[in-house]
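Student: Each protein sequence line maps, in turn, to chains A and B. Here numbering that gives the first Met the number 0 is used: the first residue of the first sequence is 0, the next is one more, and so on. Here numbering that gives the first Met the number 0 is used: the first residue of the second sequence is 0, the next is one more, and so on.
Keep in mind the hints are simulated off the structure, nothing from the lab. Beta carbons are placed, not taken as given, at the ideal position from N, Cα and C, and that holds for glycine. Honestly, I wouldn't trust all of these hints.
Ranges between beta-carbon positions, derived for each pair [to be verified]: (1) B/D468 <-> A/G66: 22 to 30 Å; (2) A/W64 <-> B/E461: 29 to 37 Å; (3) A/V69 <-> B/N521: 31 to 39 Å; (4) B/R672 <-> A/Q31: 56 to 64 Å; (5) A/L136 <-> B/R456: 47 to 55 Å; (6) A/Q102 <-> B/K528: 30 to 38 Å; (7) A/A49 <-> B/R672: 52 to 60 Å; (8) B/K528 <-> A/V98: 27 to 35 Å; (9) B/S474 <-> A/D120: 12 to 20 Å; (10) B/R456 <-> A/V98: 22 to 30 Å; (11) B/H555 <-> A/N137: 57 to 65 Å; (12) B/H555 <-> A/Q31: 25 to 33 Å; (13) A/V69 <-> B/V445: 43 to 51 Å; (14) A/E25 <-> B/R456: 47 to 55 Å.
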Amino acid sequence: MSKNRLKILLVDDDYLLAKGTAKLIERLGGHQVAITDKPDEIFQQCQSRAVDIVLMDVNLPEAVWDGKEVSGADLSKIIKNHPDMADMPIILISAYAMVSERQKLMEISLADDFWPKPISDYEALLGAIESQVEKHLN
Amino acid sequence: MTNRIRQSLELETILTTTAAELRSFLETDRVKVYRFEPDGSGEVIAESIDGQRLPSLLGLHFPASDIPPHSREMFIKAKTRVIVSVPAQQITLNNQGNVATTGDLTVEEVQQTKIEDILQRPVDPCHVEYLTNMGVQSSLVVPIFHGEKLWGLLAGHHATPKTFTDEDLLMVQLLADQVSVALDQSHLLSEARAKTRQETLINQISTLLHTPQQVGQILENVLKTLVKASGCSGGRLYIHSTDPTTATQIYTYGDQPQLFLWGTQPQKSATGEALLLEAETFWQQLMRQPNLSPNTNPVGPHDEDWQSLRTEQLSVSAQLSNLNCHIVPDLYQEPFLTAVAPTFRNTRIRSILVMPLWYGKQALGCLTLFRDEIDTEILWAGRLDPDDRNRRVRQSFEAWRELKLRQSPQWHPAEIELVQAVGSHLGMALMQNRLYQWERENRLLVEMRNRELDTARNIAEEANRMKSDFLSSTSHELRTPLASTLNYLKLLKEGFYDNEEELKEYIGVAYQSAENLVAIINDVLDIAKIEAGRMSVQMNQVDLRPLLSEQIRMFHVESRHKGIPLILECEVEQVYADQGKLKQILTNLLSNALKFTPIGEIRITAKKAAAMSDSGEWVEIAVTDTGIGIDPNQRELLFEPFVQADGSIKRRYGGTGLGLAICKRLVELMGGRIFLESEGLGRGTNVRLQLPFDN
Chain A
0 MSKNRLKILL VDDDYLLAKG TAKLIERLGG HQVAITDKPD EIFQQCQSRA VDIVLMDVNL
60 PEAVWDGKEV SGADLSKIIK NHPDMADMPI ILISAYAMVS ERQKLMEISL ADDFWPKPIS
120 DYEALLGAIE SQVEKHLN
Chain B
0 MTNRIRQSLE LETILTTTAA ELRSFLETDR VKVYRFEPDG SGEVIAESID GQRLPSLLGL
60 HFPASDIPPH SREMFIKAKT RVIVSVPAQQ ITLNNQGNVA TTGDLTVEEV QQTKIEDILQ
120 RPVDPCHVEY LTNMGVQSSL VVPIFHGEKL WGLLAGHHAT PKTFTDEDLL MVQLLADQVS
180 VALDQSHLLS EARAKTRQET LINQISTLLH TPQQVGQILE NVLKTLVKAS GCSGGRLYIH
240 STDPTTATQI YTYGDQPQLF LWGTQPQKSA TGEALLLEAE TFWQQLMRQP NLSPNTNPVG
300 PHDEDWQSLR TEQLSVSAQL SNLNCHIVPD LYQEPFLTAV APTFRNTRIR SILVMPLWYG
360 KQALGCLTLF RDEIDTEILW AGRLDPDDRN RRVRQSFEAW RELKLRQSPQ WHPAEIELVQ
420 AVGSHLGMAL MQNRLYQWER ENRLLVEMRN RELDTARNIA EEANRMKSDF LSSTSHELRT
480 PLASTLNYLK LLKEGFYDNE EELKEYIGVA YQSAENLVAI INDVLDIAKI EAGRMSVQMN
540 QVDLRPLLSE QIRMFHVESR HKGIPLILEC EVEQVYADQG KLKQILTNLL SNALKFTPIG
600 EIRITAKKAA AMSDSGEWVE IAVTDTGIGI DPNQRELLFE PFVQADGSIK RRYGGTGLGL
660 AICKRLVELM GGRIFLESEG LGRGTNVRLQ LPFDN
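Using the sequences and the hints given, assemble the complete structure.
Tutor: Given below as C-alpha cells:
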C-alpha cells in the first residue's frame, strides 16, 4: 500500500502511557496521532472524519455519555451503531488480556480488532492499523 | 308359641320363653332347660314352675354322673326320650319283660342296640328313685341338639302322676327342634357380634395407629384400648431399639408388677431404674422364636435348657403356636417365671399372654397382657356320692356352694384371635413407622449432604471466581505500568527523543512505572503469603512518634502537590508491634487517604484506646480523611481481598484492591484489630487500628 500518512485517534486516560504509544506510532509508522479520553471529542473527530481510525482503550474512568458512565467498549459500540460513523475502523486496546475478557469486549464493542497491553510488537500493530483503514475505504 | 319363642334372638330369653310356653302347654308343674358342660356336668339355665309345686332348680349344677354317658348316648341315638314315671311304673314304653334297663348298658351297647329296643325299655330303678326323691312323679325329657352335639335337655316334671299324650310328645319334640334352631341362630348371632366387636376394635386401633400424633402417644392409646377391650387388667408394649442410638421403648397400662422387687427385698437394678420384664429370658426367647412349639428345634445360646424346660412346662403353659401367642394360665406355676413371679405378689395378676410382634422375620418387640385371678362359685345340686348322708343332702335339695378362690382366668380363642389381629396390625404400624423414620433420617441425611455439597460447591465456586477476578485484576494492574515501561524503554532504545530533557523524562517515566510494578507485585505476594499462613511478625516496643513523623515526611511531596495537609496528633510514645509491618500498614492507609481525598485534610492521631474489655492498655492509631467516603453497606467487604467499593473506584483510582485486606491481616497478626468507618459517600473515611500498648 502507498505510505499514506494516517490520522489516528488514540483514546486513553493514562496520559503518560498514551504519550509513549503515540510517539512510537508516529515515529515508526509516520502517522499522525491525537490523544483524548473525552467522549465528546471522540464523536466529534469521528463524525467530522478528522481521523481515519480509532485506537480505543477500554478503561476510561470518568467518561460519561448520555448521563451514564461509559467504557471504551461502550463508546465503540455507539460509533459502530451510528449511521454516520459505522464505517469508522476501531481497534480496542486493553490491559484486560484474558481470552474470556477479550471475547466479551469484542462482542460488546463491535470493534474490528483487539490488541492487549502492553504492545510489544509495534510493527504488527501498524500493519493492523493500515489494513483496517484500507478495508474500510473499500 | 313358636312365634313368641322366635321373637328374640337372645338365647336366655328364648329358653325362658320356651320353658314357660311348654309348661303352659303341657299343664305340668315344672319345665326346665338343662345345659351340658363339656365335662358332662350340667346346669339348669331356664326354668318355669307352677307356683310352689316343685322346688326351683334354676342355676344349680349337676355332676356328670347325674346323667351318665350311656344315658346321654341314648338321648343322642333316640332323639326323643320319654320317661313317664310313676311309683307304679304304670306307663313305660317297654313291653319286653326281660330287657335290661338303661343303667345296665354301656355306651357301646347303646350304640349297637336297635332303636326300637331303646325306646321300649324299663326305667332304671335308681332313676325312678332319683325322681321320686326330687318329688317328681312324672317326667318327660327330650334332648336339644346343637348341630350333631347333644347340647342339653328339655324336661317337664309333674309332682303327681301324669299321662302325656302322643300329641304332647310331638309338640315337645317340635319345640326342642325349635330350640335347636334358635341355638344355631343365637350362636351365629353371638359369633357375628363377636366378629363385629373385633372388627370395630381393630378399626378403632387402626384409626388410632394412624392419628397424627406422636408415636408414643399413639402406642399408649392403642395399648389402653386393647387392654380394656380384651378384658385384661394391664398390659405392656415393648419395642426393641432400632439401633444403638435409640432407646428401647416400653409402654404400660393398668396393673403392673413391681419389677424392682426381687425376692422379698426391694431391689433396684444397678442403674437405679426398674428392670424390664421383657429383659427376662422368658420374653427374650419368645421374641426370638416366633412359632415356638414342642416340635420346633429352637435356636439360640441356651437352647438345650430352654428345650428341656419347654417340655416340662407344656403341662402348665398353653401353647398356641399357630396364633403366635404364648399363654401362661398361671404365672406361679410357670417354671420360667420363677424369678419374676415374686414381683407380681402385690397384684392380682395371675395369667399372662405374650405376643411377640413380628414383621416378616424381623422381631419388633412384644405385647404382654395381664389378667387378674378370679374367684369362682358353683352351686351344686348335691354331689354324687354313694354315701347315704350325701343322699340325704341331695334329697333336701340343699345347694352345695363350691367357692374356688384365685383361679386362673380363661382365655377364649376369640379373645386370643383378637389380640393376635391387633398384634399383627401393631407390627405393621411399627414397621411402617420404623421405615418412615429410616426414610426420613435418610432423607435428612441426604439433604444435609446435599446442603454441605452445595455449600462446598458455592465456596469452591466463589473461591474460584475470586481467584479468577484476582488474576484478572492483577493482570490488568500489572499490564498498565508494564505497557508504560515498555513504551518508554522502546522510545529510548529507538532513540526517539529530541533532546536531553526528553531523554530524562522517558527514563523517569520508565523507572516510575517499573517501581509501580514492583509495588503491585509486592502486594500480591504479601496477600498470598498471609493467606498461606507464612507471614510472621516480629513484635517489639516501637517508638511511635518518630515512626509517624517519618510517614508524614514520606507523603509530604504528594500532600503539598494535592493541597491536602497531613496533620499529626501523637499522645502516646510507644506501641507493641512489628515496626516494619506497622509502617507498611500506615503507608497503605495514608496512600489510600491521599488517593481518595480531593479536598480537605488528613489527620493521623495516636492515643490510649478507650476502655477495652481485655486487660492491658491499648493504643489506637487513626487515619481520618475528608475524602470520598464509603457506602456503609460495603464497609466490611473492603477488608476482603480483591474487593473494591465498586468498579468505577477501581477505574478511577487504580490499585489491586489488596491494600486494606493486607492491613487487616497484618493488624490481626500483631494481635490488634482494625475498624473502617464512614458516615457515607462523600463524607470522609476513618480507619482506626488498635494495638497493645506493651507486652
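Student: Taking 25 to 33 Å as the stated bounds, is the beta-carbon spacing between B/H555 and A/Q31 within them?
Tutor: violated (41 Å)
Student: Just to be sure I understand the hint, the distance between the Cβ atoms of A/L136 and B/R456 should be within 47 to 55 Å; is that true here?
Tutor: holds (53 Å)
Student: May I ask you to test the hint 31 to 39 Å on the CB atoms belonging to A/V69 and B/N521?
Tutor: holds (33 Å)
Student: Is 47 to 55 Å right for how far apart the beta carbons of A/E25 and B/R456 are?
Tutor: holds (53 Å)
Student: Lying within 27 to 35 Å: is that true of the beta-carbon distance B/K528 to A/V98?
Tutor: Given range 27 to 35 Å: holds, Cβ gap about 29 Å.
Student: Evaluate the given range 22 to 30 Å for the C-beta pair formed by B/D468 and A/G66.
Tutor: Given a distance of about 28 Å, which is inside 22 to 30 Å, the answer is holds.
Student: Is 29 to 37 Å a correct range for the gap between the Cβ atoms of A/W64 and B/E461?
Tutor: holds (34 Å)
Student: For the pair B/R456 and A/V98, does the Cβ-Cβ distance stay inside 22 to 30 Å?
Tutor: holds (25 Å)
Student: Would you say the C-beta atoms of A/Q102 and B/K528 sit inside 30 to 38 Å of each other?
Tutor: The hinted range 30 to 38 Å holds for A/Q102 and B/K528, with Cβ atoms some 33 Å apart.
Student: Between the beta carbons of A/A49 and B/R672, is the distance compatible with 52 to 60 Å?
Tutor: holds (58 Å)
Student: Does the hinted range 43 to 51 Å hold for A/V69 and B/V445 at CB?
Tutor: With a Cβ separation near 49 Å, A/V69 and B/V445 satisfy 43 to 51 Å, so the hint holds.
Student: Lying within 56 to 64 Å: is that true of the beta-carbon distance B/R672 to A/Q31?
Tutor: holds (57 Å)
The earlier numbered hint that this structure contradicts is number 12, and it is the only one.
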